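Trainee: Sequence:
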Amino acid sequence: MDGLITEIQKIPPITRFLCGSSLAVTLSVLTHVVSPHAVFFTKDLVFQKLQIWRLWTSFFLGSGGINYIFELAMLYRTSNELESGPFHRRSADLGWQLLFASGAIIALTTPLKSFFFSRPLLICLTYISASLAPPGAQSSLMGLITYPAKYTPYMMIGFDLLMGGPSAAAQGVVGALVGHLWWWGIWGSGEGAGGRGVLEEMGRAPGWLKGLVGESDQAAGGGVQVIPPRRPLGGNSTGGAGGSTTTTSERNRGSGYNWGSGQRLGTE
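Numbers 0 to 267, taken from numbering that gives the first Met the number 0, label the letters of the sequence shown in order.
Don't take each hint at face value.
Here are the in silico distance ranges between beta carbons for each label pair [stated by the list, open to error]:
no.: 1; residue 1: Met162; residue 2: Gln50; range: 39 to 49 Å
no.: 2; residue 1: Thr109; residue 2: Trp55; range: 34 to 44 Å
no.: 3; residue 1: His31; residue 2: Ile144; range: 31 to 41 Å
no.: 4; residue 1: Leu22; residue 2: Gln50; range: 15 to 25 Å
no.: 5; residue 1: Pro35; residue 2: Thr145; range: 31 to 41 Å
no.: 6; residue 1: His179; residue 2: Leu3; range: 33 to 43 Å
no.: 7; residue 1: Leu54; residue 2: Leu29; range: 30 to 40 Å
no.: 8; residue 1: Lys42; residue 2: Met162; range: 19 to 29 Å
no.: 9; residue 1: Trp183; residue 2: Thr5; range: 15 to 25 Å
no.: 10; residue 1: Gly206; residue 2: His179; range: 39 to 49 Å
List of simulated lysine to any residue pairs, SDA-like, C-alpha gap at most 25 Å [stated by the list, open to error]:
no.: 11; residue 1: Lys112; residue 2: His179
no.: 12; residue 1: Lys112; residue 2: Met154
no.: 13; residue 1: Lys48; residue 2: Asn66
no.: 14; residue 1: Lys9; residue 2: Pro205
Just so you know, the hints here were simulated from the structure itself, not pulled from any lab data.
Model, not experiment: these values are computed from the prediction.
The C-beta atom is built at its ideal place from N, Cα and C for all residues, glycine as well.
Kindly produce the complete structure, drawing on both the sequences and the hints.
Mentor: Printed below as a string of structure tokens:
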């Protein structure tokens, strides 16, 4: 048990929070400990009945079955790549910017009458990761099709359309739009991760959040700057059952990350 706790503690804090939240909410619902009616988002229950927890749970209910394993693996890999790469030693900034991104997802999905936001959140994170990938980075689909990493979120939206129809694809589009606004606001319109955005100052985490994740101002770097990955992401990163594996160093050489294989997209 001590060894397991030690390994969990090695996971960067925001990635640990996202994956832990996903496991807690999804497993509670799948095992019927909690009713799905208690975790979905609805404006009246949140703002009139003050059931504030729905703002959290509605982002972390995954699909059932083996498909959830692929969703969780992709959430871990994408978040870990961000936290060990562009947000290296700046986990608080990632968490702070995620708060704004999550609020934007809720606002923009209002016309769609969405109750859950796990899919838009995942596509939003994927958009950021793909946008900040090194020039020429490549991704592959099931090891069969290779394409530029920057097209990964659009591939996901396409699969959402095929598997879940227009409503599922529309939620994916919202996630990509929020991801683009996030990238533009923090890094600007420059190529890759070299720009500066108009929301750079807002993207800096407040002191209380830095203290919560165990960062100091010196460790955080004092600004929104992209720092290339300095170490492998704890070994190989898988993209699903049967998928190939990549490391951060491979990604820096232009191999990108593997989107994975066997993942059914578009389920809520």
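Trainee: Against each hint, give a clear statement of whether it holds in the structure.
Mentor: How the hints compare with the structure:
1. Met162 to Gln50: 39 to 49 Å: violated (31 Å)
2. Thr109 to Trp55: 34 to 44 Å: violated (18 Å)
3. His31 to Ile144: 31 to 41 Å: About 39 Å separates the Cβ atoms of His31 and Ile144, which means 31 to 41 Å holds.
4. Leu22 to Gln50: 15 to 25 Å: holds (22 Å)
5. Pro35 to Thr145: 31 to 41 Å: holds (38 Å)
6. His179 to Leu3: 33 to 43 Å: For Leu3 against His179, whose Cβ atoms are near 38 Å apart, the range 33 to 43 Å holds.
7. Leu54 to Leu29: 30 to 40 Å: The hinted range 30 to 40 Å is violated for Leu54 and Leu29, with Cβ atoms some 21 Å apart.
8. Lys42 to Met162: 19 to 29 Å: Given range 19 to 29 Å: holds, Cβ gap about 28 Å.
9. Trp183 to Thr5: 15 to 25 Å: At roughly 39 Å between Cβ atoms, Thr5 and Trp183 fall outside 15 to 25 Å, so the hint is violated.
10. Gly206 to His179: 39 to 49 Å: violated (29 Å)
11. Lys112 to His179: holds (22 Å)
12. Lys112 to Met154: Cα-Cα ~24 Å, so holds.
13. Lys48 to Asn66: violated (33 Å)
14. Lys9 to Pro205: This hinted pair holds, its Cα atoms lying about 24 Å apart.
Hint compliance for this structure: hints 1, 2, 7, 9, 10, 13 are broken, all remaining hints hold.
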